[in-house]
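From first to last, the protein sequence lines are chains E and X.
At position 196 of the first sequence (counting the first as 1) the number is 196 in UniProt numbering, and the numbers step up by one without a gap.
At position 60 of the second sequence (counting the first as 1) the number is 60 in UniProt numbering, and the numbers step up by one without a gap.
Rather than coming from a laboratory, the hints here were simulated on the basis of the structure.
Being a predicted model, the structure only gives us computed values, none of them experimental.
Watch out, some of these pointers could steer you wrong.
Computed, partial: chain E to chain X, Cβ under 8 Å [claimed, not checked]: (1) S93; (2) A96; (3) H113; (4) R140; (5) S179; (6) L180; (7) T273; (8) D284; (9) D312; (10) P315; (11) G318; (12) S359.
Far from chain X, by Cβ distances over 12 Å, these chain E residues were calculated [as the list claims (entries may be wrong)]: (13) P11; (14) E23; (15) G160; (16) R202; (17) S224; (18) T229; (19) A261; (20) G311.
By construction, the Cβ of each residue, glycine as well, lies at the ideal position given by its N, Cα and C atoms.
Protein chains: 2
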Amino acid sequence: MNLPLLRADLPTPALIVDRAALERNIAAMAAFAAAHGIALRPHAKTHKSADIARRQIAAGAAGICCAKLAEAEALAEEGVRDSHLTSPVVTASAIARLAALNRRIALSVVVDHPVNARLLGQGVDAPLRVFIDVDPGSHRTGVTSPAAAVALAQAIAETGILRLAGVQYYCGSHQHIQSLAERRAAIVERTAYLGTVLAALREAGFAVPIVTGGGTGTFAIDASLGAFTELQVGSYIFLDREYVDCELAGPHFEPALFVDATVVSANTPGMVTIDSGLKAFATDAGVPVVLAGAPASRYVFTGDEHGALLGDDLPELGARVTLMPPHCDPTVNLYDLYHVLDGDRIAETWPVTARGRSS
Amino acid sequence: MNLPLLRADLPTPALIVDRAALERNIAAMAAFAAAHGIALRPHAKTHKSADIARRQIAAGAAGICCAKLAEAEALAEEGVRDSHLTSPVVTASAIARLAALNRRIALSVVVDHPVNARLLGQGVDAPLRVFIDVDPGSHRTGVTSPAAAVALAQAIAETGILRLAGVQYYCGSHQHIQSLAERRAAIVERTAYLGTVLAALREAGFAVPIVTGGGTGTFAIDASLGAFTELQVGSYIFLDREYVDCELAGPHFEPALFVDATVVSANTPGMVTIDSGLKAFATDAGVPVVLAGAPASRYVFTGDEHGALLGDDLPELGARVTLMPPHCDPTVNLYDLYHVLDGDRIAETWPVTARGRSS
């Protein structure tokens, strides 16, 4: 592909990032964190991109979060050298990879079980910073009581080589509560519970220098409650239909991630078929929104490779349409490249560095 | 990765293909087609793999189907040189790519609109074989009446450079009707409609040498009805939970595609968390089935990176589990590599050659 080229000439489906909107989103979150005296460690599972991680760090982020070890490995290869792993690393072979990465970059990882702490302690050959992952009630990962947190802190201390850096608390299921008042009430209650865990740890003699967590749906509430020293926000850089549907607090963010598609069949009144189906959009969170090309229409998935636009005023065969993904993270994970939009031109492409690196 | 290695040492989530089961599935379909005197052109959108396409062709397939031009381009780069495109190619830039590919490999493409036929005719510089795509009633692509088929055949003839090779008829929404009797009744009715389209074309003086279509859910019914000269089956090589839930006719196929996962958190009674969520499985068709490691449990998606196993007799932290994907095609599209299983060893890896090539 010779760049720059016109957006209208891209093969579709094409993943588009609006550079100006992305940079405004990055700057807005950086300013918010600075104004509130809270560290920023954006979650790279959203973008999986070394180019975007570098921009976040240049704007003041302390480093990044990664969901998986392979994600951190891939980004480290591209020079992103400060990663926190937000999921436990438990097998002997994965711990060996973790130990190798820990020799190369500034690394930390969550732990949620004393058995895992002991295996990590046996597996690393240099001090490793660990965070106690605290379950906010969703039971995905994390210790489930203040007493379990203290027992885990003791197991960490007993290894002699793990360093307790703090606590991670991620209220994942709260991020998309659409009503801000309801979301705030739920987070206030959950933050009170976090307080009991932190108090138990401190009472048992464990320092908790960093409390990390939060997401795009809750970071402004989290900051107002003062519970966190570090924010793990991810989706704010792009937004998506799920977050646009939420009443967000804090600075204004704008959609920056799009998929351009093409009408490939138009034989039935009231519908056209576009070339973007469930290999072009994650399907876990409803349907994409049509933003341009046929904005009065609605999208439905019609297969692996296709979707339909339904409406009265539809584009013709060969026309382009622009859609907003329903859920940004797993949609990005379908693509190898971001097409970086400057005005109506594609100025450059950025690889989705850690695409598919889920292990 | 040094190969061979033990399956238990693979980083997870890992996409696994059982070589012996795959080869039995390929052989069974090849034998079925040969016994029924019907050509086989398996759909590569399922596997996106040059290695698997080569095995299908070696077993007697005439070539492959591709859903998208980029898929055919990627497979052609790896030596797969006979492709039929099952979706329309409509834009000027895509038609230019199609013309270039048509100079390199044996190629054909569907067309479903006279405007598209004219653009294709103007865009190619060598004869191109085209198929009239006939809509079976799902309105995704295809002409919607016998008269529209005849008008399109005339438009094709008028180009002077397109060669009408036949008709494509894919009853996509019928493939997963679980009851074989209901599926057969629906296909009998739809095949009668196809007969009216073919009769109209022949009555208007157009030869229809090839009638291509069918899928894993209907191919045995299609063969018994004698309407098709060529089968486009895809999923038979792997099966998946959707097809295992169907009462299939014809030869026996067996599951050959799996995802291995690891228990990464086990703090809550009645559930454990595994490292495979909605970036590890397509979510459009329900949930994966747990086959080994915790076969009495059921899986639920709990996020981008995780799923939960619910049950009474659950594996411990760090244990491995094996799952069958709910829907094979979009699950394969999440991975870069197949790990090829021989017994309990990973003998080799095959790239997912056309992964993400949706344009």
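Enumerated hints in conflict with the structure, sorted upward: 2, 5, 6, 9, 10, 13, 19
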